[in-house]
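Chemist: Here is what each chain is made of, one letter per residue.
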Amino acid sequence: MINDLMILIFAPLVAGILAWAFDVRGIREAIGFIGAAIPVVILAKTYQTVLSNSINYTITVGGFKLIFQLTALNWYFAAVAAIVGIAMALGMISTSRSGYEWLFALMSYTGVLGVFLSQDFIGFFLLWELMTFASFMMVLRNNRHESLKYFVLSVIGAYAMMLGIAILYAKTGALDFATIRQALYMDLSIGAISKGESALLFVLFLTAFGVKAGAFPLHVWAPGAYSEANQSYTSFFSGALSKAGVYGILLLYILMGAKLYAEFGTFHGHLTFAYVIAWIGAITVVVASFLAVLQEDIRKLFAYSSVGQVGYILLAFGVGTSLGFAGGLFHVLSHAVFKGLFWLVTAAIILQTGKTKFKDMGGLAEKMPFTFAMGLIAVLSLSGIPPMAGFASKWLIYEAAIQAHMPLVAGAIFLGSGLAFAYVVRFLYAVWFGQRPSDLDNVKEAPLPLLIGMAILAIPNILFGVAPGLVTEYINKAFGSEIVGGDYFKLVTPTGTYNALLVTIVLVLGLAIAGLVFLYGATTRKIPVTNTYQSGNPVIEDYNLSIRRNFYKPLAEALDFWLKYSWDRFYERIAGIAEDFADTLRQSFYNGNVQSYSWYLAIVLLILALWGVL
Amino acid sequence: MIGIDWKIVLEVIGMLIYATFMGFIFMGIERKAMARIQRRVGPPLYQPILDTLKLLGKKESVSHGLIYDFGPVFALGATITALLFIPIANFQLFSSNADLIVVAYLLEVPMLGIMLGAMSSGNPYSAVGVQRGLLTMVAMQLPYGLALIAIVQHWGSFKLSEIVALQSVHGWSITVPALLLAFIVFDIVFQAMLGLEPFDIITAPAEISMGPMLEYGGKHAALLFTQHAVQLFAETAFFAVLFLGGASNLIELLIKQIAVLFIAIFVASIYPRFTIDQAAKFFWKWPTIIGIIAVLLTV
Amino acid sequence: MNGQYAALIIALPLVSAFFVPVIKAISKKAVMPFLLLVTLAQVGIAGWVFNEVYTSDKPIIVMAGGWRPPVGINLYIGHFAALFVLIIAVISFFMAYFSIKAVKVEPLDKYAMLFLLLMLGATGMIATGDIFNLFVFMEITAITAYALTAYNKTGEAAEASMKYMILGGIGSSFFLIGIALIYGATGTLNMAQIAQLAGNINPTVAQVGLALLIFGLAVEAELFPLNAWAPDAYQAAPHPITVMFSAFVVKAGLYAAARLLYLMQAVSTWHSVLRLLVIMAVLTVVVAEFSALRQRDVKRMIAYSSISQVGMIAFALALGSQAGVDAGVFHMVNHAIVKALLFLGVGYVGIKLGGTTLEDFEGLGRRMPLTAFAITVGSLSAVGIPLFNIFWSKVRIMLAGVSAGYTWGVALILGASVVEAVYYLRLIHRIWFAGGGERLSESFALGAIMLFLVALILVIGFYPNYAWSLAQKAGADIFDVTRYVSNVPLMGVGA
Amino acid sequence: MSERNDDFITYELQEFKLFEPLFRWARKKSLWIVAFCTGCGGIEMPPLATARYDFERFGIMPNPAPRMGDLFLITGYVTPKTLKRIIITYEMMQDPKYVMIHGSCPINGGVYWDSYNVVKQFDKYLPVDVAIAGCMPRPEAVMDGIMEIMRKIESGKADGWKRYRDNYEWYKKNQDELFGEGWREKEGKRWLAWI
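Residue numbers (my numbering), protein chains in the order written: chain A, 121 to 734; chain B, 30 to 328; chain C, 1018 to 1512; chain D, 455 to 649.
Derived from the structure by calculation, the hints contain no laboratory data.
Where a beta carbon is used, it is the ideal one built from N, C-alpha and C, also for glycine.
Hints are supplied without guarantee of correctness; some may be wrong.
Taking lysine to aspartate or glutamate pairs in the EDC-like style, the calculated list, with each CA pair at most 20 Å apart, reads [what the hints assert, rightly or not]: (1) 673/A <-> 306/B; (2) 310/B <-> 677/A; (3) 646/A <-> 549/D; (4) 646/A <-> 545/D; (5) 574/D <-> 631/D; (6) 616/D <-> 545/D; (7) 482/D <-> 602/D; (8) 611/D <-> 549/D; (9) 475/A <-> 416/A; (10) 673/A <-> 229/B; (11) 1046/C <-> 1123/C; (12) 626/D <-> 508/D; (13) 314/B <-> 680/A; (14) 477/A <-> 417/A; (15) 314/B <-> 662/A; (16) 310/B <-> 680/A; (17) 640/D <-> 661/A; (18) 291/A <-> 317/A; (19) 673/A <-> 416/A; (20) 475/A <-> 565/A; (21) 61/B <-> 508/D; (22) 477/A <-> 561/A; (23) 646/A <-> 417/A; (24) 482/D <-> 641/D; (25) 684/A <-> 306/B; (26) 479/A <-> 662/A; (27) 610/A <-> 191/B; (28) 640/D <-> 662/A; (29) 578/D <-> 635/D; (30) 643/D <-> 662/A; (31) 538/D <-> 661/A; (32) 538/D <-> 641/D; (33) 482/D <-> 549/D; (34) 420/A <-> 486/A; (35) 626/D <-> 577/D; (36) 574/D <-> 620/D; (37) 643/D <-> 661/A.
Computed footprint of chain A on chain D, listed as stretches where at least three residues anywhere in the stretch have a Cβ under 8 Å from a Cβ of chain A [what the hints assert, rightly or not]: (38) 508 to 521; (39) 533 to 542; (40) 636 to 643.
Okay, chain A solo, but in the shape it has when bound (with noise of 0.2 Å):
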């Protein structure tokens, strides 16, 4: 049982050098895959010991004693890693070109994992910049400006999360999550930490996961880097690793959520600091979907959408109620699940097809109609049709959010799925529907391995959507207390309920009833596309008939007042003049002739002689 925790962080990360080691096609999809499958099988395996108690593992490493813990809590984020991780392996089988890829996937699958695991700031901090890093050399491989971007950022997020471990130990002289929680919560009556420093420290732990989270202000490295990197690895990409940025959030309430509420005190009702986290996500969930509405690449859309889904998570962790972790915990599933499941079946347009504009696309559900299927049932999960995983998760955020009374962040979730439903039925024209653009005629059916992996990330989608009690039960004993009750099909809270069961029997019924009045009529005859109406002219094969670029056009003319400030100029402007200070402070130290130099020498001396004598 001790080194099981061992295998399950580290195995992936073998793997990765194994595959890297032995680049030879057949060898390394197969190393690879075991390397994704083992965690899978320990997580299954310890599953019934997590419900009772925690397995924990201690190793010192370079004077730091790290500890590994696996309790209920990161049991679930560990599952919902691994899940991502077995349909990201099968997906890269059929997309990975070289061992460089398998390699640095599987680092930040192992990373991803530690940093759910660790319990000890160092090992976490560790993990996390290993994380960042494989994910950034996955980047780095196609596009050089995307991935510095998205390194710069997450990098200026883990040294203000090393900022914030240093103020800490320095204040607790601790490393470790428990005395620290322990300590920070005497501090309350002794006042070691000050407002102002506990208020700087909630900052830099804030932008730390906020980054990694792609919260509003933060999130402009997310299409670029989502985009560029291999696609079926994106699924991952996006499905695991924003949930470490959301675990961080979790973490900042477990560590110091008592010793904020004693510095901030409350603001209507809410927690303050819990209160600021819900406006973050809240705003991320607006403009993220209004942005994705607006896309032209299939990708960016989708990384979009993935940051405007995590800013559920954030809304859901800010309103702060138990309720609203449960929703935030159900939604961290559901979101890897169907966000993963987009982003395979986008990895194999791309692969099939090699386009990744929406112009380009079109009329490929005949083409490739298992993946349509499983896009069809990624749409409906995440705009939140009922039968669906995407539905459930997102009720209980409602719930959470409309019962702690914050109506204006609630109103803010309606915006955002409005918006959702917009840009994924946006994807479900552009993409699948109305007439094929010639060059796309041979397309075949996406490789097989892709093609089970998706299966994989359908199933829950649909099994979770059924029977949301399953998640929601595990999540009740991760807290310890009845959040919600129920049983496997419905959910009850203090003030709704919702069966899933009977909403999707009463679906069936209705579509059976409407399926019959169809069937009654005349029987169909099939004509090709070309049959339109088309105020009476004749319409011939060459014709493209479908409006695939500015689809929204008049939502961009009702935003454009909005449409003109954006984030990620303002960062790019930053790096610019960053750049030109460097340049001219360079120019002006280390300007070559001796004579300066000798008069910095008597600078320092004149210091030294009044610093002396003072």
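We have chain A; now place chains B, C and D onto it with these hints.
Modeler: Structure of chains B, C and D alone, referenced to chain A:
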């Protein structure tokens, strides 16, 4: 799973027939009222039933593929589901197991069905119709949400049956000032949900000839007409339940539904049509501001 | 083999340096192999000394001419000295082999002599226990450094060497004045005795003396305003010499400054000098990093990066806490390995492709895969990516920094290392993913050296316990002045 | 005719014996006009929708989509160019569909009896159910025409679509005679130039 207790099955079947019939009658009322306002005689009340029968009676039907057929079927199925979860008069049906958010979402699902079918027909007019339909839906989502949140916050519960019970005790929602604002917002949004005049950009007859439903003929159009009828009935019932205190018996509910319908018809017969970005800008200006005020008052 | 044989680490290079002309007379081609042989012997002795000190856990005291201190000059080879003498020896041995390939400019025997004297000077600075002896070895190092910087006989090298000479000269002269003041006040030159007497000397004299001593060494240790000579010197010097510069010459200066600083703890304004050093160190890191951002020449870029890492070591040493000194020493060890690897790689590319500008590095991954891999591992480790060695020492420094109360300093350093990440990763992208070319043959031995250093980095990265224990012992050696004084057998003469 | 239209003929006809009178009554009482106005009669149709005549009383609704439409009004002279559009729209309409021609021009060329560019006899190309005489008949005449078409639907004599389906070859021959073989493709290609 659920013991098949025949009482519910009968209730469901009866309700479905009643709702479809009354839905058609409401569409008839709509056309008749519009005609009477324009001092025309106007078609008989049962005209939509005739139209649907004629469409069903078409000798042959044309289809652009599986999804083209699945669209209308899914739309009608979803609307029937939505209907069965609303507490209509004293019939419980399934409303004990679902709350406001579930019904609000179920009322939006038919939009996806129609969009699916319209898009797969590959006709540019229907594509423009789909785009406008989605944008209207996006535009109205915020005020719609705010109105619903105001209600839930005031009554403190999500269950529709509970809200109806509370209203019967404390008086209708519109008697509460804050919820009156929510009523106004919901009424504007109701106009867009039904696709009536100021916001009927979706099926703008003159511009894009019937919008998404352009390629539908024969039994597909019949399906869409029945779906529109059931949706009309469901939405008016939802409106009545939320704001006008539901009803103990069908007659009372019918009166309230027709009252709501007439408000919509009067507004529809006066206003010209908004273009889509005007509609979006309008929705995010006045209704949202009123909605925010309503929500803040009830918190 | 009792302690006295340890004096060989000074004697061997000195004697063999003057034997070089004799060897040249015998046969011109034998000079370089002789150099290789001497450095190999030096490695052997240093290894034996290292083993001796670390097993017996007692420092080796070598009394010059049998005279007990404070009258005679003694060599104090404690934990730090033993560790670093070994590092100097190993790196010199590698550089001796690299010089055979890299240095083609004619008077090779002069090169060999200067090479040995440079190694001698650095070893001496670290091992000596007497401040004047420290000055003597510092002068040897400085002068050989000036000569070696100008060795390439190009205009640029001459200019760089001239700058280095002027600034180095000013610095060492003030260092001498400082020694004179301290000697005047305490009456002794032996470090241990100075530590005892530092408490009761006249405060202003002690202040000025300490300030001047630190100023003199700061020029050698490249702190902010005084390191203007460094980038040019690094770039102009022949490749093996740049490696030696960054690996241990600068560190010898840093060690000396730290040793003197902690010896004079009793001086009243000690803390204000510390704060000044911290400010200068942080500024070094920030300015050096920013200057490296838009460099077109990779060697100069890595020079700036080396200066900034040295600034980080100075920051750690100047914190005034045991954790800080340990972190500083650990970072010294890691930095030595990483910078040796980086400059070796870049130097080898410079020789093979005739230049170290960014354009030469395009598509290096295809042309020289082994060197490209070495440079990538080196730069990743320099940036502080986990599972490499500098990550551990950087974390240590940050923790020590904030514990000592310099939160703003740590924040600035972290900001600067973000900049460092940018230009290193741009280099990696250019090496692996831009441009291309056919594969060139790479020398086996240099490849072996590079792989050894890479292995060292990865071992410390994956399992830093052993290295960390070494660093802790070495840090204690510097910080724990009372133990230092007790170890030195003073005769009990004087005030 | 390109091969696309062959399957047009192969569908089989479902006769609903039991509900036939009900459907016939529904078809009579809910005629949807395909808003396709050609020639000078187009302006005569709106008055029918005003308060004075109000054809909505009979369930008639102007409907822009041919797929849903039943009654196809040819309201004036028909030039070959418009005839091509008329034929395409007619074929898109679904089956029990009726054609009503207004004025004398579509019947026999009317005032343009000797013009090179007018279709002299509309009946040769598309089956006609009701023809209303008059050089643009007054609304009352059109209302009478509508009454006539409703009576014909009631009695089942409005079988224009059956006649078109049965002797489709004859109609096709006339159309090809006027426009030439494969005119749909040529027309489409010409149209493509502008995009």
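Chemist: Hint by hint, note whether the structure agrees.
Modeler: Results for each hint:
At most 20 Å may separate the alpha-carbon atoms for a hinted pair to count; residue 673/A and residue 306/B meet this at roughly 9 Å. Proximity of residue 310/B to residue 677/A is assessed by CA-CA distance (about 10 Å); at most 20 Å being required, the pair is judged to hold. Of the supplied pair hints, the one linking residue 646/A and residue 549/D holds, its CA atoms being roughly 15 Å apart against a limit of 20 Å. At most 20 Å may separate the alpha-carbon atoms for a hinted pair to count; residue 646/A and residue 545/D meet this at roughly 15 Å.
Taking the CA atoms of residue 574/D and residue 631/D, the gap is about 14 Å. The hint holds against a cut of 20 Å. A hinted pair counts as satisfied when its Cα atoms are at most 20 Å apart, and residue 616/D with residue 545/D qualifies at roughly 13 Å. The suggested pairing of residue 482/D with residue 602/D holds, with an alpha-carbon distance near 11 Å, which does not exceed 20 Å. At roughly 15 Å between alpha-carbon atoms, residue 611/D and residue 549/D fall within 20 Å of each other, so this suggested pair holds.
Using a Cα cut-off of 20 Å, the hinted pair residue 475/A and residue 416/A holds, with the two alpha carbons roughly 12 Å apart. Distance check on the hinted pair: residue 673/A and residue 229/B sit about 19 Å apart at the alpha-carbon level, within 20 Å; holds. Restraint check: the Cα-Cα separation between residue 1046/C and residue 1123/C comes to about 12 Å, which is no more than 20 Å; the hinted pair holds. Note on residue 626/D and residue 508/D: the hinted pairing is violated, with a Cα-Cα distance of about 37 Å set against a maximum of 20 Å.
With a C-alpha separation of about 15 Å, the suggested pair residue 314/B and residue 680/A falls inside the 20 Å cut-off, and the hint holds. A distance of roughly 5 Å separates the Cα atoms of residue 477/A and residue 417/A; the hinted pair therefore holds under the 20 Å criterion. Proximity of residue 314/B to residue 662/A is assessed by CA-CA distance (about 44 Å); at most 20 Å being required, the pair is judged violated. A hinted pair counts as satisfied when its Cα atoms are at most 20 Å apart, and residue 310/B with residue 680/A qualifies at roughly 11 Å.
The straight-line distance between the Cα atoms of residue 640/D and residue 661/A is roughly 12 Å, inside the 20 Å bound, and the hint therefore holds. Among the hinted pairs, residue 291/A with residue 317/A is consistent with the structure: their alpha-carbon atoms are about 10 Å apart, no more than 20 Å. Taken as a hint, the residue 673/A and residue 416/A pair is honoured in the structure, with Cα atoms around 11 Å apart against an allowance of 20 Å. A threshold of 20 Å between alpha carbons decides the hint, and for residue 475/A with residue 565/A the separation of about 15 Å falls inside it, so the pair holds.
Proximity of residue 61/B to residue 508/D is assessed by CA-CA distance (about 12 Å); at most 20 Å being required, the pair is judged to hold. Under the criterion of a C-alpha separation no larger than 20 Å, the hint pairing residue 477/A with residue 561/A is consistent with the structure, at around 17 Å. A threshold of 20 Å between alpha carbons decides the hint, and for residue 646/A with residue 417/A the separation of about 32 Å lies outside it, so the pair is violated. Only pairs whose Cα atoms come within 20 Å are accepted, and residue 482/D paired with residue 641/D is rejected, the gap being roughly 36 Å.
The suggested pairing of residue 684/A with residue 306/B holds, with an alpha-carbon distance near 17 Å, which does not exceed 20 Å. Of the supplied pair hints, the one linking residue 479/A and residue 662/A holds, its CA atoms being roughly 15 Å apart against a limit of 20 Å. Restraint check for residue 610/A and residue 191/B: the C-alpha separation of about 18 Å stays at or below 20 Å, so the hint holds. For the hint linking residue 640/D to residue 662/A, the alpha-carbon distance of about 13 Å falls within 20 Å, and the restraint holds.
At most 20 Å may separate the alpha-carbon atoms for a hinted pair to count; residue 578/D and residue 635/D meet this at roughly 17 Å. With a CA separation close to 9 Å, the supplied pair residue 643/D and residue 662/A stays within the 20 Å bound. The hinted pair formed by residue 538/D and residue 661/A meets the criterion: a straight-line CA distance of about 19 Å does not exceed 20 Å. Between residue 538/D and residue 641/D the CA atoms are separated by roughly 9 Å; this keeps the pair inside 20 Å, and the hint holds.
About 14 Å separates the Cα atoms of residue 482/D and residue 549/D, which keeps this hinted pair within 20 Å; it holds. For the given pair, residue 420/A sits about 25 Å from residue 486/A by alpha-carbon distance, which is inconsistent with the 20 Å threshold. The hinted pair formed by residue 626/D and residue 577/D meets the criterion: a straight-line CA distance of about 12 Å does not exceed 20 Å. The suggested pairing of residue 574/D with residue 620/D is violated, with an alpha-carbon distance near 23 Å, which exceeds 20 Å.
Between residue 643/D and residue 661/A, the direct Cα distance comes to roughly 10 Å. Compliance with the 20 Å bound is thereby established for this hinted pair. With 3 residues carrying a beta carbon less than 8 Å from a beta carbon of chain A, the stretch 508 to 521 of chain D meets the three-residue requirement, and the given coverage holds. For a cut-off of 8 Å, the count of residues in the stretch 533 to 542 of chain D with a CB near a CB of chain A stands at 4, and the three-residue condition holds. Using a Cβ-Cβ cut-off of 8 Å, 5 residues of the stretch 636 to 643 of chain D lie near chain A, which meets the minimum of three, so the contact claim holds.
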